[in-house]
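**Q** In the order they appear, the protein sequences are chains X and B.
Those letters in the first sequence? Residues 0 to 431, by numbering that gives the first Met the number 0.
Those letters in the second sequence? Residues 0 to 151, by numbering that gives the first Met the number 0.
Since the hints were made in silico from the structure, they are not lab data.
In this text, a Cβ means the ideal position worked out from N, Cα and C, and glycines have one as well.
Among the clues, some could well be false.
Straight-line Cα separation of at most 27 Å, BS3-like style, residue types lysine-lysine; simulated pairs [said to hold, decoys possible]:
hint	chain 1	residue 1	chain 2	residue 2
1	X	357	B	115
2	B	114	X	357
3	X	377	B	91
4	B	38	X	356
5	X	64	B	115
6	X	165	B	115
7	X	199	B	115
To give an idea of the chain B side of the interface with chain X (calculated C-beta under 8 Å), a few residues [to be verified]:
hint	residue
8	46
9	48
10	50
11	53
12	57
13	69
14	73
15	74
16	91
17	93
18	95
19	97
20	99
21	100
22	101
23	105
Not close to chain X: a few residues of chain B, all C-beta gaps over 10 Å, as computed [said to hold, decoys possible]:
hint	residue
24	0
25	25
26	126
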Amino acid sequence: MTQGFDYVIIGNSAGSMGCIEMLRSIDRSGTIALVAEETCRVYSRALIPYYLAGQIDLEKMYYRKADFYEKLNVAALLGQKAVDIDTGKKEVLLSGGERIGYNKLLLATGGRPLIPPMEGLDKENIFTFLNMDDVLKIEKALKSAQRAVVLGGGVIGLMAAEALCKKGLQAHVVELAGRVLAPVVDEPVSSLLEALFAEKGVQVTTNNTIKEIKGGSAVDGVVLTDGTQISCDMLVLAMGVAPRIELGVQAGLKIDRGILVNERMETSQADLYACGDCAQGYDSVAGISKVIPLWPNAYLGGRIAGANMAGGRRENVWSTNMNSMHFFDLCLITAGLNVSAKDPGDFVNISRLDMQKKYYRKFTLREGRIAGFILAGKISRAGIFVNLMRTKADVSQFADDLFNEDFGYGSIPENLRWELLEKDLILGVVNQ
Amino acid sequence: MGKILIKPEVCIGCHLCEIWCVVAHSRTKDILKAFLLEKPAALSRVIVEESLPVTFALQCRHCSEPECVFACISGALYKDTVSGRVIHDSEKCVGCYSCVLVCPYGGIIIDQENKKVIKCDLCEGFEKPYCVSHCPNGALVYTNQEEGGGNK
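Make a model of the complete structure from these sequences and hints.
**A** Right, dumping it as structure tokens:
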């Protein structure tokens, strides 16, 4: 017999949590089932580098307390894969053969690591950097490994390299693009980072990738496309993630790179919602439909989906690419568009750089409004810049002050300042 | 839920709210010891914004839709459904600064020493927040209102 639920959620990470927590704030009695391939309770993938570097213990990887599902009255079907969706019967088929019915369904299936075809991928000690299984395997390998190659110089690759370096391994990053972190930062920050990693003993090779993986049963080295050979006893593949869209395809949903959703996180089919790394929504700053594979975006998407699934009406009013990162002691925040100085088009970039102090700040303006920014070194109160960007405030009158390390609401001209703050009930009595 | 409101028109920018915030979050709760003996010294969670002659104090708004909570990757930040406070569990914080990135008020403070964040907790355990009870001009007001402010 098929068991039916008011809400079925596929996935067990940020998006699912956002959805469940929103659902339960509206609907205390509706039945919820959560289906997840992994057997462990909800943990934060974003904490993997912290754990592997030894900064936190395993318990802290868990995002919510052990009694989370019980307390929120969620039937957690862990260790079960959702393999098919019958949108006619409104049923999800699980890998064990069981079927569960749904009234509203959320796809929060996340992403899978991108792995380009290479010779020798089947060897031991080759890892991806995404889930708990990876973490436990890498942890085991760390006990004997001494030299690691990390393929991919993006956020995950660099964080992985830093963690491995902190564990005493000789780490070597290989990046296909001409510089590290190219999608989210500009040239000066890439240079800052490359210098920083070199200083810490992590080699970075750009404009290159792995052609062949060497070794017997286990990896013992890689050959790059330019013929360079690097010996290693561990290889981490960190080239990013691709949306896991299979279930969406089976359900006949409209798909581009990710499962297409509107501002209410509804897919092209009634009662089917999607959020997080598997979904493709709207980037308000870029003005295009885009996958934004970031933890906060997934949680927020789940929250909006949850509100609508419970019969409310809530829209995603604003989202864009935003990242907070740190590598060794360098803090880095990026938001919105990353417009290169080489080809700014209609944009105006204003920036200040101090290589010695590892300080950099850049604002990309469009008609006097912030369309993107990068902060390196000093990141305090970055959210105020995001607020200026979100509200499309004209900053041209005080653009110079944006570089002030103590920039705050005091730095913003009076009219705009009270416009930004007053509606948010900050003021008790003013203008009286 | 409780909320701190400000009256910029009577704020004189004396920064005493910052001083007493440090005291409230010190180990000894003694103003001299807090500043002279405690190492590392506690940090203020309230910031006095200055654009002379206008000054006003700003701290976490305990938003009804707290962006910091939604962005927190470790589960350290949460909204207490009973008190309405946005609470930060320092034990769980890893210092990723995602909250610093999304807080529209700049109300989350970086604790450089511990590589974590700190924020206003509305002086849990005290009758009134210290910044409010020690403001000589009544420029900070603690209210208990039904509808919490938000940023939407």
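**Q** For every hint, state whether the structure bears it out.
**A** Evaluated hints:
1. 357/X <-> 115/B: 20 Å, holds
2. 114/B <-> 357/X: Status holds; Cα separation ~17 Å.
3. 377/X <-> 91/B: 23 Å, holds
4. 38/B <-> 356/X: Measuring from Cα to Cα gives roughly 26 Å; hence the hint holds.
5. 64/X <-> 115/B: Given that 27 Å is the threshold and the Cα spacing comes to 21 Å, the pair holds.
6. 165/X <-> 115/B: 19 Å, holds
7. 199/X <-> 115/B: Holds, because 22 Å separates the two Cα atoms, which is no more than 27 Å.
8. 46: 6 Å, holds
9. 48: 4 Å, holds
10. 50: Hint holds; residue 50/B Cβ to chain X Cβ min 4 Å, cut 8 Å.
11. 53: 7 Å, holds
12. 57: The hint holds - residue 57/B has a Cβ within 8 Å of chain X, the shortest such distance being about 6 Å.
13. 69: OK, holds: residue 69/B within 8 Å of chain X, min 5 Å.
14. 73: Since the shortest Cβ distance to chain X is 6 Å, the answer is holds.
15. 74: Holds - the Cβ of residue 74/B comes within 8 Å of chain X, reaching about 4 Å at its closest.
16. 91: 6 Å, holds
17. 93: 5 Å, holds
18. 95: At about 6 Å, which falls below the 8 Å cut-off, the nearest Cβ of chain X leaves the hint on residue 95/B intact, so it holds.
19. 97: 5 Å, holds
20. 99: OK, holds: residue 99/B within 8 Å of chain X, min 6 Å.
21. 100: Result: holds, 4 Å to nearest chain X Cβ.
22. 101: 5 Å, holds
23. 105: 3 Å, holds
24. 0: Holds: least Cβ distance 12 Å, greater than 10 Å.
25. 25: Holds, since 22 Å exceeds 10 Å.
26. 126: 19 Å, holds
Violation of the numbered hints given earlier is absent; every hint is satisfied by the structure.
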